[in-house]
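Engineer: Listed here are the chains, written in short residue letters.
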Amino acid sequence: MRCATARKRLSDALGGALRPGRKPGVEAHLKVCESCRSYRDGLARIQAGAALPDAHPPEFWAAFERGLERKLAAAEAGRATVVPALAVRRRFAWAAAAAMVLAGAGIWYGLFRPQTAVTEAWVPYEDVLAPLVQAAEADPELAAIVDREVRAAIDEIDPAPDADSVALSAADPLFWEGLTDNELKDILTELEDEARRGGPL
Amino acid sequence: MDERPEELLVEEARKGGREAFAELARRHERRVHGVALRMAGNVSDADDLAQEVFLTAWKAIGSFRGGSSFYTWLYRIAVNTSLTFLKKRGREKDRAPFDENLPAGAAGRGFSRGPEAGAAMSELAARIAEAVAALPVHFRVAFALVVDQGLSHAAAARVLGCPENTVSWRMHKARKILQARLKPYIEEVRS
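Chains as they are written, first to last, in this note's numbering: chain A, 1 to 201; chain B, 1 to 191.
Treat the hints loosely; a few may be bogus.
Stated by the list, open to error - Distance windows between CB atoms, simulated:
no. : chain 1 : residue 1 : chain 2 : residue 2 : range
1   : B       : His138    : A       : Leu30     : 22 to 32 Å
2   : B       : Lys88     : A       : Arg37     : 38 to 48 Å
3   : A       : Ala51     : B       : Ser69     : 18 to 28 Å
4   : B       : His138    : A       : Arg2      : 17 to 27 Å
5   : B       : Glu6      : A       : Trp94     : 41 to 51 Å
6   : A       : Arg37     : B       : Arg89     : 34 to 44 Å
7   : B       : Thr84     : A       : Ala105    : 46 to 56 Å
8   : B       : Val137    : A       : Ala105    : 53 to 63 Å
9   : A       : Trp108    : B       : Arg89     : 50 to 60 Å
10  : A       : Ala96     : B       : Ser69     : 43 to 53 Å
11  : B       : Ser68     : A       : Lys23     : 23 to 33 Å
12  : B       : His138    : A       : Cys3      : 21 to 31 Å
13  : A       : Ala77     : B       : Ser69     : 28 to 38 Å
Read the hints as simulated data drawn from the structure, not as lab findings.
Beta carbons: idealized from backbone N, C-alpha and C, even for Gly.
Between the sequences and the hints, there should be enough to build the whole structure, so can you do that?
Structural biologist: Laid out in C-alpha cells, this is it:
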C-alpha cells in the first residue's frame, strides 16, 4: 500500500468512515512505515487538541435564550402586521384589475358596438337598391318580394318594439287627454300635409 | 425540564408554537453555537450568528417537511448562514494566501521552545485553533461538523448536500494541511 493511500484511510478511520475490510491493510502498512505511524500520531493529537471548550457558564446561555426570545417575538409581531398589509394590497390590486377590465369593455363597446340606426345601415346599399326599387315599381310581384325582403332586413337591423309595449301605448286612454291645444293643432297640420302628399305610407 | 419528544415539538413549532420552538432552540443551542464559533472565529460574532440561525429557522419552520432530521436541517441553516456571514465580513477575501509550509503563528505570536508539557499542550491547542481558522472555508465547515460536532461523514454529507466521498476527501485534505502547519508544535509536545 502506498503512503498516500494509507494516510487517506487513516483520516477515514478517525472519522469512523473506514470500511472494516480495509483496516487490516492499513495496520499492515503502519507496521512497516514509521513515517505513516508518525503521521497517524500527529492526526490523533490534532483531533484531541481541536475540541472546542464549552466554557460558557449557565448565565451565558440564559442571556442567549433571552436575546433569542426577543428576536423571535419581534419576528412574530412583524409577521402579524405584515399579513394584513399584504391582504389590503392584494384587495386593492384585484379592485384595480376589475376597474381596468370594465373600462376596457366600455371603450370597446363605444368604438365597435353594432350600428343599428336604420338610415346609416342603408347607406352602403343605396346605389345597388335604387335600380331594384325602380324596377319593382313597374312589377307588383317584384314589388311584393322587395317589400318583404326590405322589411325583413329592417326588422333584423332594428327590431320592432315588442307587441306588449306597442299595444300599451296605443291603448293609453290618457294620451289625447294630456295634449295641449297647440299640440293638437300641430298634429292636425301634419295630418293635413300628409293627406296633400297622398297619405301616410 | 421539558421532556416532550423532538418530533412533537417540531410539529407544534410548525403550527406557530413559539414556546415549542424555544425548547428546540434550547436543545440545540450549544451545537449551533459551536458551528458558529468555529466559522466566525470569535464569541461575539458567534452569538449573533447563532441567533441569526435560529431566527432563520423560526421563519422557515413552516416549510420543514421532515424529509431529514431536524438537526440536519438546522445544521444546514447554520452552515449556509455562516457562509453568508463570512462573505459579508469579507474575511476570506482579506486573508493572506495559505502556505501549508508556513508554521502556524510564525508571522504573529512567537513559539517558545522548551516549555513544560502542560504549557506546550495549551500552546498546541491555541495553534490548532489558529490553523483550523485558517483552513479554506469548505474544509473548515467539514472539520466543524465531523470533528467538533462528531457527525459521521454520511451525516455531514447530508447537511452539506454533497456525496459522502466529498466529505472524506475534504477531511483528508484538511488534516493533511493541519499536519503540515502544526508539525513543529506536535513534535515539541511529543519530545
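Engineer: Indicate, hint by hint, whether the structure satisfies it.
Structural biologist: To see whether the hints hold, each was checked on the structure:
Judged by the Cβ atoms, the range 22 to 32 Å given for His138/B and Leu30/A holds: they are separated by roughly 29 Å. Separation of Lys88/B from Arg37/A is about 44 Å and conforms to the stated range, judged on CB atoms against 38 to 48 Å. The hinted range of 18 to 28 Å is satisfied by Ala51/A and Ser69/B, whose Cβ atoms lie roughly 24 Å apart. Roughly 26 Å separates the CB atoms of His138/B and Arg2/A, a value that falls within the hinted 17 to 27 Å.
Distance hint check: the CB atoms of Glu6/B and Trp94/A are about 42 Å apart, consistent with the given range 41 to 51 Å. Roughly 41 Å separates the CB atoms of Arg37/A and Arg89/B, a value that falls within the hinted 34 to 44 Å. Our hint of 46 to 56 Å for Thr84/B and Ala105/A holds, since their Cβ atoms are close to 50 Å apart. Between Val137/B and Ala105/A the beta carbon distance is about 59 Å. The supplied range of 53 to 63 Å therefore holds.
Distance hint check for Trp108/A and Arg89/B: the Cβ-Cβ separation is about 59 Å, which falls inside the suggested range of 50 to 60 Å. For the hinted restraint 43 to 53 Å between Ala96/A and Ser69/B, the CB-CB distance of approximately 46 Å keeps it satisfied. Checked against the hint of 23 to 33 Å, the pair Ser68/B and Lys23/A passes, with Cβ atoms roughly 30 Å apart. Restraint check, His138/B to Cys3/A: a C-beta distance of roughly 25 Å satisfies the suggested window 21 to 31 Å.
Judged by the Cβ atoms, the range 28 to 38 Å given for Ala77/A and Ser69/B holds: they are separated by roughly 30 Å.
In summary, this structure violates none of the numbered hints.
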